[in-house]
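Produce the complete structure using the sequences and hints provided.
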Amino acid sequence: MALFRMISVRRSARIILLVGFLLVLYAIAARSISPDPYFERGGLGLFAHPRPDILKYVNPLIGTVNGGHVFPGATLPYGMAKAVADTQSPAENAAGYVSDDNAVLGFSNLHDSGTGGAASLGNFALFAHPGCPDNDYSQCKYRVSSRPVSRVVDSVVAHPGYFSIELENNVRAEMTAAMHSTIYRFSFLTERNQGGAAGQGEASASTQQNGHMPLILLDLQDLAGSLSKGSVQVFPETGRIIGNGTYMPSFGQGNYDAHVCVDFQGATIANSGTFLGNNASSVVTFADDIPQRAKNPSGSAGGWVHLERPVNDQVLVRVGLSFISTERACHNAEHEIPDFAFERVLADAERIWTEKLSVIEVETAGLSDDMLTTFWSGLYRSFISPQNYTGENPLWQSSEPYFDSFYCIWDSFRAQHPLLTIIDPHAQAEMVRSLIDIYRHTGFLPDCRMSFSKGFTQGGSNADVVVVDAWIKNITEGIDWDTAYAAVLADAEKPPHVWTLEGRGSHESWEKYHYVAYDHIDHHGGGSSARSVSRTLEYAYDDYCIAVLAEGLGFHEDAEEFLSRSGYWRNVWNPEQEDVKESADGSGVEPATDFVGFPQPRSTDGKFMFQPPRTCSPTEEMHRCYFDTTLATYEGSPWLYSFYAPQDMAGLIDVFGGADVFTQRLDYFHSSGIAYMGNEPTYLTVFQFHYAGRPGKSSEWVHNYIPSQFNASINGIPGNDDCAMGAFSSMAMMGFFPVAGQDVYLLTAPFFPEVRLQSRSGVPAVIRKTGDADGIYIQGARLNGKAYSKSWIGHDFFLRGGRLELVMGTEESDTWGRRDEDLPPSHPPEPSM
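In terms of full-length UniProt numbering, the sequence shown is numbered consecutively and its last residue is 833.
To be clear, the hints were calculated from the coordinates, so they are not data collected in a lab. Remember, it's a predicted structure, so these values are computed and weren't measured experimentally. Hints should not be assumed to be uniformly reliable.
Said to hold, decoys possible - Taking lysine to aspartate or glutamate and the DMTMM-like style, the derived pairs with C-alpha atoms no more than 20 Å apart in a straight line are:
#	residue 1	residue 2
1	K494	D558
2	K607	D585
3	K229	E327
4	K494	E477
5	K56	E92
6	K512	E493
Claimed, not checked - Derived DEER-like restraints, expressed as beta-carbon distance ranges:
#	residue 1	residue 2	range
7	T442	E477	43 to 53 Å
8	S603	S146	28 to 38 Å
9	P828	T442	32 to 42 Å
10	E551	K512	21 to 31 Å
11	R782	D605	48 to 58 Å
12	K494	S789	41 to 51 Å
13	N704	E508	38 to 48 Å
Built from N, CA and C at the ideal position, the CB exists for glycine as well.
Have a look at this one:
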């Protein structure tokens, strides 16, 4: 607030100034209590205080069916502790919970979110029996295959920091989380109707009423059943259970150790002990040879407590977690939740989530609740992972941050990391520092990393793009750029021994032929020779990004070399390849369109091999290009990869045959069913009409995909989330999308009348629509009061703040963003063969 000094003015002037001062104070006070966050701003340019009502528009259950693999449970932003009900949902429960009708296995405390493939983490599941037959602990079910219980239909409640569910055995489980610990409130509902379907592990109604002595167990087994060794100890005097286990990562190689510490409050301990399979003992209170003894299909093993009837029929269970030791797990719980105060932990979680989301304000006029839910839920999911394991890294001592669960950078570099660069630059800086520290200790930047293990490499060395994106957008806090440059050089120049886990494979082929030849045998390392086309295209863009960093750091010769290498994308372009599809009778292929020219696999002698351009698209053999593929493209078709040269879009448009042909092909790609928004490489294609001078077409497709494929339903995302689906929808709804690794944001019609984003300068970056409120086409723009004709904007707008006004209309503009000088930049190198 500016300080007014009034010297030598007339009395009337003093009164006017005083009244004005009081009005400003009143406006600020009104803003803090007004139910409308978009009161008359009066040019103040101030952000509102964090608004708790944001959370009502977050639905964590979006993406918990049909392969979304979203974690909907209790956690904090980037939180290590993640509590949720795990369901018996084969091939779907990668994040624990699935919104289907399968039974509940338990409530585990470590999870990942949005991953593809197998179940991840799911460690240290709790399970609550409302009673055991005849109050005999040995007659309860312990093994994970024996204890599942059906859920009560429509009983799930999920919002940021909280998850609850009611089971057909009359148990309601509520959970919330701190950073490294969770707390559960189990309620035993003795008066609810007993008519629900029963699961194998459910006690009968008469048993539930027989003394109300609940039994709560802790299972050391994880969701994937990967426990290889472990130990558990129960302390009969207090009921405390400590344990640990060694497990395998879900999408990598290696193993990791995890530790747990569980305490109880609300009931007297009647008995306690350990179990192996379904065999429970009150005599054995310590077991450290679990893998040798747990010879049962599920491998379940752990500890249990049998409780007297709890006060108010409720029991609180506090779970501390660590990757260092059980002592550290207990410390984490005692430090974060010393008071067993469930409501206090929940209130803290809600406050933290509210503050995190409040860096953005949107004006809601004309927006339905469903659209607001789509936006805020997507933004929320962008903060779930990677997970901040700083202080919990057992692999090396370091003063640097440590983040884990990069699932995978191949996915997240395109949307999530650029979003965090704008709205959470401190966290993004820590993530970049973490990536660089991983390089220090492993020799490469990770392409995928989870559970302290090397993850499988999906494409190029795309952490290079994340690092360079930070450089060009002034994310510099604590980053050692000399080591960062050494890291990206290692990716580009150092042949990895096992290229399925790190670095770039086929290094010899890249150096000798200037593309990845599908039949080349590398003598420096080994790995799959598949994905030769997609790797070539990604290596070329990675090299472009390295050239940018090299130039910025003063390594001009390196910059020239890597810029030249960024042109290698042309070397897998077959200008004669026709667009064909499988014939109706399955006997071969037939012409599909008149479009010609696609990237194709190429041999060491320069000859092109044929891969049908539509293979690995929704229209033709969609699932042939996943991690175990033998084909030349990864999670996408040659049709998709034909658009991937973001460093040289002018050159790409030329090989297509000009802007008109490019626009026709790109429009056909999205209208024909070939495009699949469930994989992240498709994101940028939605906006690439900009490069052909047709930004209005980009707006059309943004407003098609949202809400047709990104919406507020439980099935409201088109593929597994990877924390990138939410980033895509959030930025697209705000009216821009980044070209990761470049200082370029492509502008489209926002969904909101006004969007305000916090900037590091303190001045908000404001995007406001004017003109026809129903229009989705930008007719013109003004930036900070001056006419602005470019279809893109640089990061300085988000860094320093400003005001971008977009004039909207119902027809595509003939002028805005269409001149050559208004197109997004292209950086064509000299063609190199």
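Taking only the CA atoms, is the gap from K512 to E493 under or equal to 20 Å? Holds, because 13 Å separates the two Cα atoms, which is no more than 20 Å.
Indicate whether the distance between the beta carbons of N704 and E508 respects the range 38 to 48 Å. holds (44 Å)
Sort out whether D585 lies within 20 Å of K607, counting only the CA atoms. violated (29 Å)
Restraint status (C-alpha distance of K56 to E92 at most 20 Å): Distance ~27 Å between K56 and E92 Cα, so the pair is violated.
Verify the CB-CB distance for S603 and S146 against the hinted window 28 to 38 Å. violated (55 Å)
Range hint 32 to 42 Å (beta carbons of P828 and T442) holds or violated: holds (35 Å)
Would you say the C-beta atoms of E551 and K512 sit inside 21 to 31 Å of each other? holds (26 Å)
At the C-beta level, are K494 and S789 separated by a distance inside 41 to 51 Å? holds (45 Å)
Just to be careful, I want the Cα atoms of K229 and E327 compared with a cutoff of 20 Å; is the pair within it? Holds, because 19 Å separates the two Cα atoms, which is no more than 20 Å.
Between the alpha carbons of K494 and D558, is the straight-line distance 20 Å or under? holds (15 Å)
Are T442 and E477 spaced within 43 to 53 Å by their CB atoms? Hint violated: Cβ distance 23 Å, outside 43 to 53 Å.
Does E477 lie within 20 Å of K494 when you go C-alpha to C-alpha? violated (28 Å)
Violation of the numbered hints given earlier is confined to hints 2, 4, 5, 7, 8; the remaining hints are satisfied by the structure.
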